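Engineer: Single-letter residue listing:
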Amino acid sequence: MATSFKQIEENLKNEARKLLEEGKVSLVLAYGRGYDEDHPVPFVARVVADVENMVFNEYCTANMARYLVRYPRGTKMAIAVKPADSRAVVQLIQEDKIKREDVILLGIPVIGMKNSKTGEVIDSKTTCGMYNPVLYDVLLGEEIHGQTVVSPYDVLAEYETMDKDARFAFWKKEFDKCIRCYACRKACPMCYCDPCFIDQNKPKWGDKSPQSHGNLMYHLTRFHHLAGRCIDCGECSRACPVDIPLYLFHKKVAKECEEMFGQAAGKSIQDKPVLVNFRVDDSDKILE
Amino acid sequence: MLKKTAVQKISDLAAQLMQKGTLIAPVREDAGFNFREISDAGQVDLNFYNTLMSPKSAFFPHMEDFVRYQTGKSVLDAVPVEISIKPAFLFGVRPCDVKSFEIMDIHFSGTGAVDPYWQKRREATTIFGYAFDLNTPADGADFYATLGIGAADPEGSDVFMMKKGDELLLKAVTKKGEKLLAEMSGLTDASPEDQKYFDETVATGRSFKTRLTCVEAKSIAKKFEDLFHKTPFWERISDACLSCGICTFVCPTCYCFDICDETLFGQGTRRRVWDACMFTDFTLEASGHNPRTKVYQRLRQKVCHKYSYHVRKYGVISCVGCGRCTRACPVNIDIFSIVDQAMKE
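Just so you know, the protein sequences line up as chains D and E, in that order.
Every letter in the first sequence is one number past the one before it in my numbering, and letter 116, counting from 1, is 116.
Every letter in the second sequence is one number past the one before it in my numbering, and letter 203, counting from 1, is 203.
A hint or two may mislead.
Derived list of chain E stretches under chain D, where covered just means 3 residues or more per stretch with a C-beta under 8 Å from a C-beta of chain D [to be verified]:
no.	region
1	251-262
2	331-337
Facing chain D, from chain E, some residues (calculated, C-beta under 7 Å) [stated by the list, open to error]:
no.	residue
3	V27
4	D30
5	H62
6	G140
7	D239
8	C244
9	G245
10	I246
None of these hints come from the bench; they were simulated from the model.
For clarity, every value in this text was computed on a predicted model and none was experimentally measured.
Cβ coordinates follow ideal geometry from the N, Cα and C atoms, glycine included.
Could you put the whole structure together from the sequences, leaning on the hints where they help?
Structural biologist: Below, the structure is given as structure tokens:
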């Protein structure tokens with residue numbers, strides 16, 4: 001039986017209050033009240049009084065790991081993590097963007113999260129479909145077991161029937177919708193480059209105008225920069241104002257990576273990022 | 001002049017407008033409705049609440065080509081791109097968005113420097129305003145009432161439309177609109193009851209409920225001036241902000257752009273492309289210095305520009321309360337709440 005959202009919210013507040021009171025952290029990254037109940041906002045509690053404004057409900061989909069790199073190295077932080085978010089934290093630790101000892105993970109097992117824009121339930125179609133965080137210091141609800149485990153790659157079935165030309169045509173059509181607001185990269189916990197390649201003008205890697213070639217340049221480069229790193233939270237697709245199904249490409253690359261290197265992103269802090277790590281028994285399939 | 005037609009016959013109306021010029025109207029797309037140039041009269045769909053992107057692109061497109069050149073050739077060989085403007089009809093614009101054109105006019109033609117691209121399109125375009133449905137509650141993100149805009153205000157439109165059951169009433173507001181309506185076939189004269197309904201709807205629309213807070217331009221402008229240096233306030237406000245550009249791109253009153261030289265296989269174009277104050281490179285200077293490196297500085301700029309600097313310079317708030325930025329924000333940041341919190345500071 002999954003813990004109710006209300007109970008998780010209560011537990012979250014209690015933990016946050018305790019951590020701030022004891023001075024163990026200087027900030028708690030979680031969720032706060034938005035302009036209505038269905039639209040909570042990412043929220044940072046800095047003092048005990050802030051805790052009262054915290055909420056947790058089915059619309060708290062934002063991946064708070066996105067904000068970790070915003071604070072100076074060494075800042076002691078607590079962070080509310082859902083399953084995919086915990087993988088993002090693990091991946092950030094692997095990539096040495098944050099230190100394990102600087103973060104306290106408040107794990108939240110979830111089922112039935114909803115997209116606040118569409119009201120649809122979020123499942124393995126657009127996310128990793130996991131129910132429990134892979135890493136946590138405190139768990140804010142009971143672990144969820146006994147649910148049907150669906151492979152996050154099942155959604156690729158139709159996509160994989162397309163040949164190379166059809167896939168190119170598919171992405172070209174999708175990217176032609178892009179308005180270059182860059183919400184995808186900004187919502188992504190793994191997109192922390194400063195500056196992002198597309199913002200550079202010396203050399204200039206891609207055009208600023210929203211046209212096919214520039215859009216392809218931006219998205220395909222971003223896709224590949226996330227190879228073996230995307231933790232499948234689906235935030236990019238939810239952030240997209242024009243509904244580009246970015247998750248499809250990320251899932252496809254993640255699946256190939258997993259097949260080739262036997263490792264999914266952000267599952268264990270003992271792992272090394274696949275594209276950084278060389279092992280003599282690594283598959284040569286990547287060169288084919 | 002008040003005319004009417006059956007809502008079902010919208011495509012007839014659309015077809016006639018398409019013969020006279022370019023028709024830009026709401027169409028249903030994957031992510032919601034958007035204003036698009038219509039190629040098939042059947043595409044026009046008035047069953048929308050409001051569009052995802054604002055109608056500003058009808059006058060100020062996301063991308064506008066100015067000059068074409070070839071790399072390696074003399075600058076004298078560069079060819080300016082002619083502005084080719086046909087009569088256009090912007091169909092189905094909500095009253096708050098109609099109001100935005102008036103605010104945008106200040107920047108593109110009202111201060112002495114005239115932008116020919118904006119102005120020529122503006123002059124060539126007939127605006128068909130379209131009242132919100134007063135029987136449906138306003139979307140939770142909307143707050144146009146706060147900015148003093150009614151749900152059925154005909155001002156600013158050339159022709160103003162509203163639904164009355166299965167019928168669509170069309171009222172000529174300007175001379176341009178009157179001339180156009182007189183030329184259209186298939187419209188019937190409205191009855192005195194229709195006229196009464198129209199007038200009543202316009203009046204009721206003025207008190208139509210959206211989110212409401214007391215915003216007096218001068219005092220809010222002053223408030224934000226006083227708050228400028230209160231960094232903790234702005235940091236708190238921007239804790240959630242991802243600093244993407246959605247809010248500015250969907251906004252009907254955001255007008256910032258970049259001039260880019262874009263070259264592909266030796267063929268270059270100097271063009272204007274929408275830019276956003278929320279982007280890190282927006283204020284990056286040639287020296288490498290960037291006066292706004294922090295998210296809070298950029299969000300502060302956006303809010304203060306709309307609610308403070310704009311009031312000080314031009315006397316009006318540069319926001320129409322359409323709610324698009326709030327609806328589109330990936331993390332649900334809401335400019336209305338920011339203004340509300342600022343007033344309480």
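Engineer: The structure should be examined with respect to each hint, and the outcome stated for every one.
Structural biologist: Against the structure, the hints come out as follows:
1. Check on the region 251-262 of chain E: 3 of its residues sit with their Cβ under 8 Å from a Cβ of chain D, so the three-residue criterion for coverage holds.
2. Requiring three or more residues with a Cβ within less than 8 Å of a Cβ of chain D, the coverage given for the region 331-337 of chain E holds, as 6 such residues are present.
3. With its C-beta approaching chain D no nearer than about 13 Å, V27 (chain E) sits outside the 7 Å limit, and its interface hint is violated.
4. About 5 Å separates the beta-carbon of D30 (chain E) from the nearest beta-carbon of chain D, less than 7 Å, and the hint is met.
5. The beta carbon of H62 (chain E) is positioned within 7 Å of a beta carbon in chain D (closest approach about 6 Å), and the interface hint is therefore held.
6. The beta carbon of G140 (chain E) is positioned within 7 Å of a beta carbon in chain D (closest approach about 5 Å), and the interface hint is therefore held.
7. Interface hint status for D239 (chain E): upheld, as the beta-carbon distance to the closest one in chain D is roughly 4 Å, under 7 Å.
8. A distance limit of 7 Å between C-beta atoms decides the matter here; for C244 (chain E) the minimum to chain D is near 4 Å, and the interface restraint holds.
9. Residue-level restraint check for G245 (chain E) holds (minimum Cβ-Cβ distance to chain D is 4 Å; threshold 7 Å).
10. A hinted interface residue such as I246 (chain E) counts as satisfied when its beta carbon comes closer than 7 Å to some beta carbon of chain D; here the least separation is about 4 Å, so the hint holds.
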